[in-house]
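> Sequence lines, in order, name chains B and D. Quick note: the first sequence, position 375, residue 384 per my numbering, numbers continuous. Quick note: the second sequence, position 264, residue 307 per my numbering, numbers continuous.
One side of the interface only, derived from the structure: several residues of chain D facing chain B at Cβ under 10 Å:
(1) ALA155
(2) ILE261
(3) ALA290
(4) ALA301
(5) ALA310
(6) PRO326
In silico SDA-like cross-links for lysine to any residue, where the CA-CA straight-line distance does not exceed 20 Å:
(7) B:LYS72 / B:SER113
(8) B:LYS162 / D:GLY305
(9) D:LYS151 / B:PHE247
(10) D:LYS178 / B:ASN376
Since the hints were derived computationally from the structure, they do not count as laboratory data. The beta-carbon is built from N, C-alpha and C at its ideal position, and this holds for glycine as well.
Now for the letters of each chain:
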Amino acid sequence: MNLHEYQAKQLLGERGVNVPTGAVCSTAAEVRLFADKVFANGAQLTVVKSQIHAGGRGKGTFKNGFQGGVKVCKSAEETESKASSMLGQVLVTKQTGPDGRMVSKLLVEAARNIKKEYYAAVLLDRATSRPVLMVSTEGGVDIEEVAESHPEKILKESIDPALGLMPYQSRKIAAALGLRGEMMTQATKLFAGLYKTWWECDAAMIEINPLAIMEELDGREVLVAVDAKMSLDDNALFRHSKIHAMRDLAEEADLEIEASKFNLNYIKLDGSIACLVNGAGLAMATMDIIQHFGGNPANFLDVGGGASREQVTAAFKIILSDPNVRGILVNIFGGIMQCDIIAKGIVDAVRETGLTLPLVVRLEGNNVELGRQILRESGLTIISGDSMADAAQKVVNAVGN
Amino acid sequence: MAILVTPQTRVLVQGITGSFGARHTQLSLAYGTLVVAGVTPGKGGQIFEEKVPIFDTVSEAIQQTGATASVVFVPPAFAADAILEGVDAGLDIVICITEGIPVNDMVKVKRAMEGKKTRLIGPNCPGIVTPGTGKDSHGGCRIGISPGYIHKQGSIGVVSRSGTLTYEAVWQLTRRGIGQSTCVGIGGDPVNGTSHLDVIKMFNDDPETEGIIMIGEIGGSAEEEAAAWIKDHCRKPVAGFIAGATAPPGRRMGHAGAIVSGGKGTAAAKIEAFKDAGIGIAPTPSDMADTLLKMMNRA
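Taking the hints into account, I'd like the entire structure generated from these sequences.
Rendered as structure tokens:
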């Protein structure tokens with residue numbers, strides 16, 4: 010599960026990370042109220058930020074023609090007017106796809122001039138099975154590009170989960186970034202809060218980019234998390250009801266939400282051959298073999314180890330809701346499940362959904378002969394595949410014709 | 044010889060009274076596996092299916108039955124505790140089937156297991172099968188949820204992150220009359236107890252294993268690490284398949300660990316590492332057995 014920037018900053022702020030003073034607004038009037046207060050307190054700038062999960066907001070374009078999903082403003086009037094152009098509009102960025110995302114919330118913050126930008130993140134290092142604090146002097150840019158062009162500019166500090174991030178580790182990292190004196194103290198506190206948030210919230214990844222040195226009105230320098238991106242470990246959501254409540258269904262694909270209701274793992278892709286498979290590895294491999302024989306998979310769909318009749322029917326309905334689908338490949342290795350029961354489930358689902366598209370079924374495992382017989386005698390036009398390769402070729406040919 | 048477990052291994056089941064644990068304990072008993080004890084806190088003293096005594100704690104079960112291996116069917120929220128109970132009691136091997144354990148729980152488990160003698164397989168895995176010599180490989184050691192009958196006793200080692208792809212490879216071998224020494228599912232989570240490389244080293248040292256099928260998938264770099272070792276040290280032919288070449292970046296493909304993030308963990312990079320190490324690449328998942336058998340001149 011992904012969080013919005015404002016949600017991530019709330020969780021970080023509660024744990025000692027310095028975040029800008031801000032307000033989440035869903036109307037222009039709320040924006041104006043907050044902006045008036047900010048400018049009255051002596052601020053010279055505000056920033057208005059569209060709250061969608063996709064990146065590339067600043068360079069995005071709204072479908073109404075308005076340029077930029079993140080805007081710096083010099084007055085309360087300007088803040089309100091920019092906000093009005095963004096609220097309720099659809100923002101298209103390089104990560105949203107052409108459909109874009111509706112902006113229903115804005116994060117409005119008091120802004121300062123940025124003196125220097127850095128990058129900081131905490132994530133799992135799979136090679137060591139430990140968390141790692143990752144930082145760079147190259148902030149405010151795409152970190153993947155930095156990793157590609159200047160890998161030496163990315164520093165990593167491995168964290169012992171029994172100890173947590175120790176202050177000496179934060180000081181070492183701060184020194185490596187050139188953060189000295191008062192900045193070192195602030196950095197140590199910020200990194201500690203960042204790790205604490207990651208660990209306590211069961212985050213998968215928290216990224217602060219940029220982490221910036223900003224000048225306060227009194228000339229004092231402060232280290233601030235200017236942007237924050239946070240994703241959570243779905244397996245741990247059961248113990249974080251408050252964070253789970255932050256889920257924004259508007260950010261998720263409708264079909265994927267529907268699939269999750271039936272405990273189906275569905276991911277929509279762009280191809281024309283839908284697949285329905287038991288097991289994640291086999292489901293990925295089924296997509297791969299469709300492509301190997303010249304087709305394009307329309308989805309990833311794992312019905313799990315004990316797919317019930319209801320699940321299979323729900324799976325068919327979800328697959329058929331995708332207008333690009335022109336053929337279906339069912340690939341089931343019924344190791345523990347009985348193939349005859351699966352076959353009955355398929356026959357029922359085909360009847361219930363009134364399927365007219367080509368359907369290739371490859372069954373293997375327990376009672377496979379009985380399962381194939383049920384498919385043959387169903388009176389439905391179901392094409393049988395002997396192996397994965399045979400089934401994949403048959404569905405690619407059927408769709409091609 | 045086989046690796047990790049043999050038909051003589053004495054197995055205990057943590058979570059034997061849950062519906063999933065009970066069902067697979069029955070299947071293991073029917074396969075001929077020596078399931079000697081169950082553990083369900085609060086149900087000590089009961090007998091499972093009039094065959095297997097149930098204990099409140101793992102250490103009591105070990106003392107009374109001599110179990111050396113455990114399989115964990117405990118729900119995700121309690122699985123880390125169950126694994127560490129087995130480690131504390133001094134088991135040789137704990138095999139955790141449970142899917143959906145929080146990653147940070149496994150980070151803690153891994154840290155707590157440092158320096159301990161217990162080996163962890165999984166979590167989120169199908170388990171281990173060392174096939175027996177009876178009909179449909181009956182009499183072997185089946186720990187976990189794999190279908191026993193698809194196996195055949197023999198000399199090919201199989202290691203995989205995916206359950207159903209393991210079955211696919213095993214079935215391809217068995218249908219060609221080729222048996223397996225041991226089949227190990229190491230699980231699809233980002234933090235697991237035993238890696239591809241750990242298992243490959245054991246197969247390399249096992250006199251009974253003559254060839255290896257290694258099945259990987261997108262995410263992490265465990266396949267690359269195994270490949271680097273195989274290139275310099277492995278004396279046996281290895282064939283492999285990597286699932287997820289068509290997976291979109293940034294999306295988790297069912298398994299918590301199956302994700303390409305930040306351009307890392309792609310199928311292309313893993314296939315390249317396999318090629319560089321002389322590992323035979325199965326062009327499709329239908330060719331896993333044939334690719335290995337060709338390398339062994341047994342096709």
